[in-house]
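So the sequences go chain by chain: A and B. Each residue of the first sequence is one higher than the last, beginning at 2 in this note's numbering. Each residue of the second sequence is one higher than the last, beginning at 2 in this note's numbering.
Among the hints, erroneous ones may be present.
One copy or any two copies: either way a pair holds, since identical chains are not told apart in the list.
Below are the BS3-like pairs computed for lysine-lysine, each with C-alpha atoms no more than 25 Å apart in a straight line [as the list claims (entries may be wrong)]: (1) K55 - K368; (2) K55 - K245; (3) K55 - K21; (4) K319 - K21; (5) K188 - K21; (6) K49 - K88; (7) K221 - K272; (8) K259 - K322; (9) K88 - K368; (10) K49 - K21; (11) K55 - K88; (12) K220 - K326; (13) K221 - K326; (14) K28 - K55; (15) K220 - K245; (16) K407 - K249; (17) K353 - K190; (18) K319 - K49; (19) K259 - K272; (20) K191 - K259.
It should be emphasised that the hints constitute simulated quantities derived from the structure, not laboratory data. No experiment lies behind these values; they were computed from the predicted model shown.
2 protein chains.
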Amino acid sequence: MLIVQKYGGTSVGTLERIEKVAERVLKTASEGHKLVIVVSAMSGETNKLISYAKYFSPIPKESEMDLLMSSGERVTSSLLAIAIYAKGHNAISLSGRGAGIVTDSNFTKARIETIDPKPILSAIEDGTIVVVAGFQGIDEQGRVTTLGRGGSDLSAVAIAGAIGADLCEIYTDVDGVYTTDPRIEPKAKKLPVISYDEMLEMASLGAKVLQTRSVEMAKKLNVNLVTRSSFNENEGTLITHEDKIMEKPLVSGIALDKNQARVGLIGVVDKPGIASEIFGALAESNINVDMIVQTSGGSLGENITNIDFTVNRDELAKAEKCIYKFKNSHEIRDIQINSNIAKVSVVGVGMKSHTGVASKAFTTMAKENINIMMISTSEIKISMVIDDKYSELAVRTLHSAYQLDK
Amino acid sequence: MLIVQKYGGTSVGTLERIEKVAERVLKTASEGHKLVIVVSAMSGETNKLISYAKYFSPIPKESEMDLLMSSGERVTSSLLAIAIYAKGHNAISLSGRGAGIVTDSNFTKARIETIDPKPILSAIEDGTIVVVAGFQGIDEQGRVTTLGRGGSDLSAVAIAGAIGADLCEIYTDVDGVYTTDPRIEPKAKKLPVISYDEMLEMASLGAKVLQTRSVEMAKKLNVNLVTRSSFNENEGTLITHEDKIMEKPLVSGIALDKNQARVGLIGVVDKPGIASEIFGALAESNINVDMIVQTSGGSLGENITNIDFTVNRDELAKAEKCIYKFKNSHEIRDIQINSNIAKVSVVGVGMKSHTGVASKAFTTMAKENINIMMISTSEIKISMVIDDKYSELAVRTLHSAYQLDK
Numbered sequence: 002m003l004i005v006q007k008y009g010g011t012s013v014g015t016l017e018r019i020e021k022v023a024e025r026v027l028k029t030a031s032e033g034h035k036l037v038i039v040v041s042a043m044s045g046e047t048n049k050l051i052s053y054a055k056y057f058s059p060i061p062k063e064s065e066m067d068l069l070m071s072s073g074e075r076v077t078s079s080l081l082a083i084a085i086y087a088k089g090h091n092a093i094s095l096s097g098r099g100a101g102i103v104t105d106s107n108f109t110k111a112r113i114e115t116i117d118p119k120p121i122l123s124a125i126e127d128g129t130i131v132v133v134a135g136f137q138g139i140d141e142q143g144r145v146t147t148l149g150r151g152g153s154d155l156s157a158v159a160i161a162g163a164i165g166a167d168l169c170e171i172y173t174d175v176d177g178v179y180t181t182d183p184r185i186e187p188k189a190k191k192l193p194v195i196s197y198d199e200m201l202e203m204a205s206l207g208a209k210v211l212q213t214r215s216v217e218m219a220k221k222l223n224v225n226l227v228t229r230s231s232f233n234e235n236e237g238t239l240i241t242h243e244d245k246i247m248e249k250p251l252v253s254g255i256a257l258d259k260n261q262a263r264v265g266l267i268g269v270v271d272k273p274g275i276a277s278e279i280f281g282a283l284a285e286s287n288i289n290v291d292m293i294v295q296t297s298g299g300s301l302g303e304n305i306t307n308i309d310f311t312v313n314r315d316e317l318a319k320a321e322k323c324i325y326k327f328k329n330s331h332e333i334r335d336i337q338i339n340s341n342i343a344k345v346s347v348v349g350v351g352m353k354s355h356t357g358v359a360s361k362a363f364t365t366m367a368k369e370n371i372n373i374m375m376i377s378t379s380e381i382k383i384s385m386v387i388d389d390k391y392s393e394l395a396v397r398t399l400h401s402a403y404q405l406d407k
Numbered sequence: 002m003l004i005v006q007k008y009g010g011t012s013v014g015t016l017e018r019i020e021k022v023a024e025r026v027l028k029t030a031s032e033g034h035k036l037v038i039v040v041s042a043m044s045g046e047t048n049k050l051i052s053y054a055k056y057f058s059p060i061p062k063e064s065e066m067d068l069l070m071s072s073g074e075r076v077t078s079s080l081l082a083i084a085i086y087a088k089g090h091n092a093i094s095l096s097g098r099g100a101g102i103v104t105d106s107n108f109t110k111a112r113i114e115t116i117d118p119k120p121i122l123s124a125i126e127d128g129t130i131v132v133v134a135g136f137q138g139i140d141e142q143g144r145v146t147t148l149g150r151g152g153s154d155l156s157a158v159a160i161a162g163a164i165g166a167d168l169c170e171i172y173t174d175v176d177g178v179y180t181t182d183p184r185i186e187p188k189a190k191k192l193p194v195i196s197y198d199e200m201l202e203m204a205s206l207g208a209k210v211l212q213t214r215s216v217e218m219a220k221k222l223n224v225n226l227v228t229r230s231s232f233n234e235n236e237g238t239l240i241t242h243e244d245k246i247m248e249k250p251l252v253s254g255i256a257l258d259k260n261q262a263r264v265g266l267i268g269v270v271d272k273p274g275i276a277s278e279i280f281g282a283l284a285e286s287n288i289n290v291d292m293i294v295q296t297s298g299g300s301l302g303e304n305i306t307n308i309d310f311t312v313n314r315d316e317l318a319k320a321e322k323c324i325y326k327f328k329n330s331h332e333i334r335d336i337q338i339n340s341n342i343a344k345v346s347v348v349g350v351g352m353k354s355h356t357g358v359a360s361k362a363f364t365t366m367a368k369e370n371i372n373i374m375m376i377s378t379s380e381i382k383i384s385m386v387i388d389d390k391y392s393e394l395a396v397r398t399l400h401s402a403y404q405l406d407k
């Protein structure tokens with residue numbers, strides 16, 4: 002097989018760990034696979050370089066930041082190639098430029114535009130292990146760019162797509178994707194397989210294994226993604242196309258996001274364009290709004306409505322400031338803020354074809370006397386906002402109700 | 002003027018010092034000069050990276066070493082560009098590749114072959130300050146190479162030559178070139194100007210300000226080189242073509258090299274090719290022989306000769322081993338080893354056109370009762386090997402005899 006393996010900052014955080022990675026790589030190579038390894042900077046390095054730059058300026062020149070930050074991954078890739086070579090296997094390291102990764106010119110958060118598969122394919126032809134510095138590329142003018150946080154995962158997925166790899170393994174310090182957070186529900190099970198769409202919901206709902214950008218790209222490029230731990234030999238979780246999953250479970254997991262706050266707008270004057278005005282103002286302030294629920298409000302005949310939405314807790318103050326001008330102009334009667342909330346979500350592709358999944362969630366909450374403040378559903382998930390003191394209870398009860406511990 | 006400034010590892014050793022360098026650069030720019038800055042890695046960084054690589058292998062793969070080590074200078078160049086930009090002046094950093102520096106493929110000790118002046122010249126056109134990562138280039142295949150120790154000086158001189166700079170300033174922690182080591186003779190004076198050839202002699206004789214490679218390149222490319230300190234505002238020493246120096250002093254300086262050992266070969270069978278055999282054997286063992294003196298020896302009619310030579314003290318053991326086989330084959334009667342020697346040299350272009358410079362040196366030694374063991378002269382220097390306990394006395398007496406303290 003042709004396999005792309007990506008090792009994150011913790012997995013290459015010390016020289017000892019880089020040596021362990023080299024051994025792991027050689028073991029896989031000895032099984033007859035061709036290998037491309039993508040590495041992050043040693044943990045702490047990128048932050049160190051950023052703090053260096055901030056010594057000179059709170060907002061350092063972005064094109065220079067990219068040149069600066071790209072050095073962390075270059076160091077790791079050279080060191081790993083040296084380590085593999087020292088153990089008797091041919092290996093070369095390639096920078097983003099060397100690996101043919103071309104991005105747009107949005108320094109510090111560039112998007113990959115094309116990858117020329119030739120440099121890597123010709124290097125692996127004779128069995129050489131190619132180590133690629135993740136997180137970076139060059140723009141059309143040949144200037145070094147970086148891909149933003151989580152960029153090395155993106156590099157790995159994009160390379161896997163470009164060279165037509167059979168598998169793209171993302172090594173972290175976590176075993177894989179679990180039915181829910183094992184710290185909350187010790188009965189949580191590692192999923193052997195999950196679909197791209199489910200993983201996207203899980204990721205955006207708070208599961209921290211993979212960033213949504215990487216899963217989206219894997220889906221787009223049809224890359225079989227595996228997330229597993231570099232600290233043990235356990236099988237990880239395969240993230241793949243729904244059609245490739247034989248037995249689709251009704252529900253794959255329960256996600257919990259405790260980082261949300263709820264803003265309730267009571268008595269909003271119900272005139273055309275008011276929602277667009279309010280959420281336009283929030284968007285202009287760069288506030289990321291998650292759930293939005295609108296219900297009719299007020300007494301019969303009153304021309305008003307209620308709108309609830311959630312934002313990240315650390316953006317709540319900004320959101321409040323943004324909203325108060327509508328109260329001042331009497332377009333909103335009252336504002337209710339609640340930051341003691343949690344969002345619990347049930348995720349599963351099975352619910353596309355099965356009914357009763359949502360009602361089971363509501364019944365389960367009701368049995369435990371947990372009040373649901375907001376509901377939002379998509380084809381493959383049901384999210385409920387509840388009082389955050391019930392969040393662990395809700396997760397455990399739902400986990401059991403959908404028999405995820407079986 | 003178009004000026005290339007090079008700052009060494011100590012000058013950019015901390016963030017505070019990089020900020021000081023930025024201020025110095027801006028001051029020069031404000032005087033109306035166009036500037037290209039070449040930087041080394043922050044002091045200690047290159048050694049740190051080397052030690053990382055040696056963790057995996059005593060002799061790490063050389064092409065990977067170059068990728069690895071080149072990151073140190075890239076970091077400094079980005080940081081300095083960020084610092085200059087933060088102070089309100091446009092600045093960009095360029096890697097060796099970005100600056101158009103093409104070398105041969107001798108990884109870890111590559112030689113600069115060509116420099117395309119266009120990238121730098123087009124960048125400085127609008128007054129932008131260009132910061133170049135020293136010590137590195139790329140080979141014809143586009144692979145990153147490094148130039149070996151002292152490589153950043155070479156980068157600066159080669160760039161100055163390629164873009165036709167009026168001046169190439171090398172900033173270190175030393176004020177310039179002195180008539181002799183001020184720690185030995187406090188009356189030593191800083192030279193305002195010295196010729197390339199004198200500087201070459203001084204450098205190869207132990208003055209540590211500049212490496213001979215850089216001076217040789219400056220001479221070849223006709224680059225006006227200035228060595229000065231980044232820690233004060235003192236004028237440095239201009240190193241330039243002899244013809245540009247109006248008043249040529251008879252003697253420019255006294256150099257001392259205490260790192261030599263003397264090997265005396267007594268009673269060498271005087272047959273054709275014997276010297277070539279001996280020194281061929283030493284060369285094959287990679288031993289750098291400095292002075293060689295041959296005198297006729299033995300009694301009248303005996304067909305033997307005496308040969309003395311000096312080597313670096315740390316290569317003495319290797320040299321002895323190499324020589325003993327000639328004693329064993331009876332081609333040499335006896336071997337005398339003396340590692341308590343010092344080489345004192347008088348350097349000056351003036352001696353080309355003046356007589357009596359050498360005899361004054363010998364007279365001065367005689368007056369102090371210092372025995373001269375070996376003498377070797379070139380057009381612009383006289384070197385004498387003496388007992389090393391007299392070395393400081395010799396330096397001070399010669400310094401005064403040639404009136405260098407005046």
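Status of each hint after checking the structure:
1. K55 - K368: Neither: 53 Å inside a copy, 63 Å across copies.
2. K55 - K245: Classified as neither; 47 Å inside a copy, 46 Å across copies.
3. K55 - K21: between (34 Å within a copy, 16 Å between copies)
4. K319 - K21: Close neither inside one copy (46 Å) nor across copies (39 Å); limit 25 Å.
5. K188 - K21: neither (30 Å within a copy, 59 Å between copies)
6. K49 - K88: between (30 Å within a copy, 22 Å between copies)
7. K221 - K272: Cα proximity of K221 and K272: none, with 40 Å in one copy and 81 Å across.
8. K259 - K322: within (22 Å within a copy, 74 Å between copies)
9. K88 - K368: For K88 and K368, the Cα distance exceeds 25 Å both inside one copy (60 Å) and across copies (64 Å).
10. K49 - K21: both (24 Å within a copy, 21 Å between copies)
11. K55 - K88: between (39 Å within a copy, 13 Å between copies)
12. K220 - K326: neither (42 Å within a copy, 72 Å between copies)
13. K221 - K326: The answer is neither: 41 Å in one copy and 72 Å across copies each exceed 25 Å.
14. K28 - K55: For K28 and K55, only the inter-copy Cα distance (22 Å) is at most 25 Å; the intra-copy one is 41 Å.
15. K220 - K245: For K220 and K245, the Cα distance is within 25 Å only inside one copy (12 Å; across copies 69 Å).
16. K407 - K249: Within one copy only: 15 Å inside a chain, 94 Å across chains, cut-off 25 Å.
17. K353 - K190: within (22 Å within a copy, 88 Å between copies)
18. K319 - K49: neither (29 Å within a copy, 45 Å between copies)
19. K259 - K272: neither (33 Å within a copy, 92 Å between copies)
20. K191 - K259: Answer is within: at 22 Å inside a copy they meet the 25 Å cutoff, but 69 Å across does not.
Against the hints set out earlier in the document, violations occur for numbers 1, 2, 4, 5, 7, 9, 12, 13, 18 and 19.
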